[in-house]
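2 protein chains.
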Amino acid sequence: MRILILGADGYLGWPTMMHFASKGHEVLGVDDYSRRLIAMQSSSEALMPNPNLEERIKVFKEITGHNLECRIGDLKDFRFFESLFSEFTPDVVIHYAEQPSAPYSLRGYDEAHYTLTNNLEVTHNLVWAIMNHAPDCHIVKLGTMGEYGTPNIDIEEGWLDIEHKGRKQKFLYPRQAGSLYHTTKVLDTDLLWFYTRTFKLKVTDLMQGPVYGVSTPETDLDDRLLPNFHYDDIFGTLVNRFLVQAVAGVPLTVYGKGGQIRGYLNLNDTLQCVELACMNPAGAGELKIYNQLTETFSVNELAAIIKRVGDSIGLNVEIKPIPNPRKEPEDHYYNPKNTGLLDLGLKPHYLTDDLTASMLEKVIQFKDLIDESKIMPRVIWNK
Amino acid sequence: MRILILGADGYLGWPTMMHFASKGHEVLGVDDYSRRLIAMQSSSEALMPNPNLEERIKVFKEITGHNLECRIGDLKDFRFFESLFSEFTPDVVIHYAEQPSAPYSLRGYDEAHYTLTNNLEVTHNLVWAIMNHAPDCHIVKLGTMGEYGTPNIDIEEGWLDIEHKGRKQKFLYPRQAGSLYHTTKVLDTDLLWFYTRTFKLKVTDLMQGPVYGVSTPETDLDDRLLPNFHYDDIFGTLVNRFLVQAVAGVPLTVYGKGGQIRGYLNLNDTLQCVELACMNPAGAGELKIYNQLTETFSVNELAAIIKRVGDSIGLNVEIKPIPNPRKEPEDHYYNPKNTGLLDLGLKPHYLTDDLTASMLEKVIQFKDLIDESKIMPRVIWNK
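First to last, the sequence lines map onto chains A and B. Quick note on the working numbering: the first sequence kicks off at 88 and runs consecutively. Quick note on the working numbering: the second sequence kicks off at 88 and runs consecutively.
Keep in mind that a hint or two might mislead.
Which copy is meant is left open, because identical chains are indistinguishable; a pair holds if it fits in one copy or across any two.
To be verified - The calculated lysine-lysine pairs, modelled on BS3-like cross-linking and capped at a C-alpha distance of 30 Å, are: (1) K407 to K252; (2) K470 to K163; (3) K344 to K407; (4) K252 to K454; (5) K454 to K424; (6) K344 to K252; (7) K252 to K434; (8) K414 to K255; (9) K255 to K375; (10) K255 to K145; (11) K145 to K344; (12) K163 to K257; (13) K375 to K454; (14) K255 to K470; (15) K394 to K287; (16) K257 to K424; (17) K470 to K287; (18) K394 to K424; (19) K163 to K394; (20) K255 to K344; (21) K407 to K257; (22) K424 to K434; (23) K414 to K148; (24) K375 to K257; (25) K148 to K110; (26) K252 to K424; (27) K110 to K454; (28) K145 to K257; (29) K434 to K344.
Please keep in mind that the hints were generated in silico from the structure rather than gathered at the bench.
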């Protein structure tokens, strides 16, 4: 397959590039390094040094012999976007190219405006580029489980059949997110569903939970191939952040009561899920939606796992609740359905103690680079 | 009350300015004339000549003695938006400032991109201007009944209580619109609901049906005070378009089977509804939603009314179905609830034969200005 990856320099984008190249696919990646810029501007740099995309591609070629291509540019610029299609006709576009930080999206007006316009305009430009240049191309879009929020009813996979006063209608499952970032993904889904049904696009929207991990078969080849691994309050997702805190000897910062439950998955399972989505494309006019998670945990459960495993390998892990900077329920019902990708063949890598220990060992290797000032929340929206 | 009106030059904005001034309120209106520009660019100018906003304000002052103020500028520019609050502290902001044409929104990439970014950025800037400068100010936002589409179940007022597998949750009523323009209003509602519940804003979102009419107590004072009255395929709403066709001797162009049902209201009732919304503000953190319509009609029913009344005053009105340029169900269930505004005291002006005749007479006064080349659909998205 010819695969165009948007946001190719990101935590998921880069491992996805290598994964598909290793499987023999032709891959073109695009990025504008905006996440690196935001990380610098907000002092939220990733833990390990990450060569830029062109350098990483050279290293990967030296080690594996596989070719990868990239273009550096801003996908909000439609002329740049369209120019990609003059040299590359993709069978599938994987769209990761969004500002992904919830705290950043609410840091102030400029950050909120950037998040809204960047995320919506890139998605909208993608739709028009596909309509104009590759109408049969399948779009695989990364959404988030955060779109659903934490409703008091079961979270079905994307859609909900409603019976009301004796009549029936199937709707997009109603979404209600906890940050502006997550809300932009709700808007993306609304927008994609409008264009999909109206102009016969082929779209898969993956409602992904927080991803953890740093190791894939390709990233393990050389430390220069590691994904950007964030442990800061801006880009760091929960498990990765706790791993670094455990190694640094900083108490695990549980936000509020710690009863917040989410669906998590291993980085390797993201790669599996995205590959399964690519291999099972939506039909014309069809919006396929999968809930992309393998296990649910509360914050307290994750803290307990990381403390137990950390203590077992000689770290002295403490847990310390702090006031929740976010506005979110801390004790709630949560029952998301996730059978769609399992039915397609997903074989989950669960968060075992062995896996947790191996992630801690990887972080220990980079212990000297940890900057503790990046850990505590700097954006508060629960005033 | 101090009232800030965004989109003050529009079909609804200008009559709203005069209405509130007549009631003794202090009114500041803002517009960037983008609708006038788009109308010129797409050869979709309104029927009657409309002096610009500053000129209309002068005429209104001469005739009534009431003061109105306006500022001309682009609300996408946040510095301009914020500057309004340095000179005027509103109690309520009425937000009409969106690109309102469904066909224009799908004419091509540039028009789609403009519609998406203009509508979302103005709404988002409004939220931040309010949070930064007037957190107690009430926002009255014009949405559209088109957000709901035509579901097979009753359309409740904004919200839906769902029982699923024995558990209950109240959600925003699921929305599924028929054009990009209408979809931007869905996104607006999602965005407003996020900010309302997270940052304790006070918001009323009015799901308005297509408005018809040209006469209000203030527009009747002088033809220079008439609202912009569109009959073209880009900005013309159904009833207004049919009125002009009847007068011009052009067969009424029913799109497709004509079974499309919508909820309509008189321009005077828009003014009543908006005033009722302003006088009954939402509480902090509350998003009030009303369905703003007074009657439902199918396209065929409206064509029949206008033919009957037109024939009775000596016009010879024909009806001629044409292929539907839009992608929409032409035969569907439609049962929207609209008790909220009636409970607040709305006294509807229904589409009686007398009212229809008076509207036809007004159009006849401007018959010589009708340009028949503006009537037939020029944007087709039902391919």
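Verification of the supplied hints:
no., hint, in the structure
1, K407 to K252, "neither (49 Å within a copy, 37 Å between copies)"
2, K470 to K163, "between (33 Å within a copy, 28 Å between copies)"
3, K344 to K407, "within (10 Å within a copy, 66 Å between copies)"
4, K252 to K454, "neither (60 Å within a copy, 48 Å between copies)"
5, K454 to K424, "neither (37 Å within a copy, 61 Å between copies)"
6, K344 to K252, "between (39 Å within a copy, 28 Å between copies)"
7, K252 to K434, "between (41 Å within a copy, 28 Å between copies)"
8, K414 to K255, "between (34 Å within a copy, 22 Å between copies)"
9, K255 to K375, "both (21 Å within a copy, 26 Å between copies)"
10, K255 to K145, "neither (55 Å within a copy, 54 Å between copies)"
11, K145 to K344, "neither (46 Å within a copy, 61 Å between copies)"
12, K163 to K257, "neither (33 Å within a copy, 36 Å between copies)"
13, K375 to K454, "neither (42 Å within a copy, 51 Å between copies)"
14, K255 to K470, "between (41 Å within a copy, 28 Å between copies)"
15, K394 to K287, "neither (50 Å within a copy, 37 Å between copies)"
16, K257 to K424, "both (17 Å within a copy, 19 Å between copies)"
17, K470 to K287, "between (44 Å within a copy, 10 Å between copies)"
18, K394 to K424, "within (29 Å within a copy, 54 Å between copies)"
19, K163 to K394, "neither (43 Å within a copy, 49 Å between copies)"
20, K255 to K344, "between (39 Å within a copy, 24 Å between copies)"
21, K407 to K257, "neither (44 Å within a copy, 34 Å between copies)"
22, K424 to K434, "within (16 Å within a copy, 48 Å between copies)"
23, K414 to K148, "neither (45 Å within a copy, 48 Å between copies)"
24, K375 to K257, "both (14 Å within a copy, 25 Å between copies)"
25, K148 to K110, "within (14 Å within a copy, 74 Å between copies)"
26, K252 to K424, "both (26 Å within a copy, 13 Å between copies)"
27, K110 to K454, "neither (33 Å within a copy, 69 Å between copies)"
28, K145 to K257, "neither (48 Å within a copy, 53 Å between copies)"
29, K434 to K344, "neither (32 Å within a copy, 51 Å between copies)"
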